[in-house]
Amino acid sequence: MDRFESTDKRWRIVKDWVIRQIDSGEWPGESKLPSIRALARLFETSLTTVQRALAELEANAYVLSVPRVGYFVAASARAPRNAHPDFSSVTVNVNHAVVAMLAQAASPTITSLSSAVLHSELTPEVQLNKCLAALAGKTGLSLAGLVAPPGLAGLRRKIAGLMLTRGVVCSPDDILITSGDTIALELALEAVAPKGATVAIETPTYYGILQTIERLGMRALPIRTHAASGMDVEHLAQALKLHKVDVIFLNPTLQNPRGFIMPDDARARLAQLAREADVPIIEDDIFFDLVPEQARPRALKSYDMQGQTIYCSSFSKTVAPGYRVGWCIAGKYRDAMLAQMFSRNLAVSSLAQHVLDTFIERGYLDTHCARLRTQLTTLIGFVAAQVQAAFPAGTRYTPPSGGFIHWLELPEHTDMTRLAALAHARGCHIAGSAIFFADGQCATGLRLCLGRTLTPQVAHSLQVLGECARLAQRSE
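Under the UniProt record's numbering, the sequence shown has 16 at position 16, and the numbering climbs by one with no breaks.
It is worth saying that the hints were derived from the structure and are not from the lab. Be aware that one or more of the hints could be misleading.
Claimed, not checked - Taking lysine-lysine and the DSS-like style, the derived pairs with C-alpha atoms no more than 25 Å apart in a straight line are:
(1) K195 to K244
(2) K241 to K332
(3) K241 to K195
(4) K158 to K138
Stated by the list, open to error - Restraint-style ranges between C-beta atoms, simulated for each label pair:
(5) V126 to K244: 49 to 59 Å
(6) T378 to S107: 19 to 29 Å
(7) A347 to A228: 15 to 25 Å
Idealized CB from N, CA, C, for every residue including glycine.
Generate coordinates for the entire structure from the input sequences, incorporating the hints supplied.
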């Protein structure tokens, strides 16, 4: 029995997924598509449903059929002339799956490869404790008192200095200290758009962005996204021209889950498009300090002349996951976000703010992040070697430009449900790829989070995962 509600919905889901594979560059021109039977198994639907989807794709010049051989991507696959691409927004429904994933990942009996959190062995515990001890010895300093929004003045001054390395000139008064990055993103989206608004996003994208869209009752418009360069700005330009977008929400630096860095020229073009269309941008830049210094881009916020880009970041992915200290530069939306913070009593721990203020003042941040980048870089080559040696033939791995999030594309006939079950039985937890897509589409992408040093346990986990992926291959 098919798991989708209607025949019309089933064939459209198959069609849209194939288009996404083509437009993202995953399936280049003239490459062969999976067989009709393979697609039917992947989507747990009928051969007739798949055939209808492929017939529609062929009519629109996305694919072509070769009798007795199969279907191939057209050499210049694109939407038909004089026709607009499908810019239908979708209702997001990932929160339940995300909560279930996080609950399983928290189990102390398994090794989690699904949580994007720095392991304690990579956090600067010694330096943080030194800062804490120094603060405890200061007379007249209340570490238990409340620091009301916009946050500790000294920390905001230091963050304004950090922003210069990201190409952003701002004052301490432009900065709002938030309780982590996710709260900043939610405040930003609520400040710029009403319930029911359409949010242009990368695809796949960070599930936290999707949860925020879902929680606020908005709709997502997936914009095709390239594995190496990020959101396709020309595709976005078409959506903006058709007035299909109310806000643009993206994570262009070490994107979660694919790890790419959007080039500076694409950022400049995107900022120009948003300015001309008068559409706000929310930029999630939580991984900037993990980018090698020679590859660092300018923040999208640096191209903002009208205050319409809200920049969000945090220390959670680089320094102290448990401190929950983030910040945003809200531009013309500052007062709206500040009002939300006061109305919801969103003050941030004064102790955490003072510790991080001291941490930066003592020069610990730069030293720690430099060491962290070196440690994480060694894992990239190791993952590439493990994919080659342990994973099934046809597995594709594009090394990230830094950081600790890795994205694999397993062969299309991989049974992802079976893979997760096999891995869990052997003490390894992974996240299903559907939580990274606005439509909850089942796909064979796999996000691995390796925020730790290269230990025998990590090596064993990747070996186990590769073996499980081999066992999860469906026979053709």
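How the hints compare with the structure:
1. K195 to K244: holds, 15 Å
2. K241 to K332: holds, 24 Å
3. K241 to K195: This hinted pair holds, its Cα atoms lying about 22 Å apart.
4. K158 to K138: holds, 20 Å
5. V126 to K244: 49 to 59 Å: Since the Cβ atoms of V126 and K244 sit about 51 Å apart, the hinted range of 49 to 59 Å holds.
6. T378 to S107: 19 to 29 Å: holds, 27 Å
7. A347 to A228: 15 to 25 Å: Distance hint for A347, A228 is violated at roughly 41 Å.
Hint violations for this structure: number 7 only, all remaining hints satisfied.
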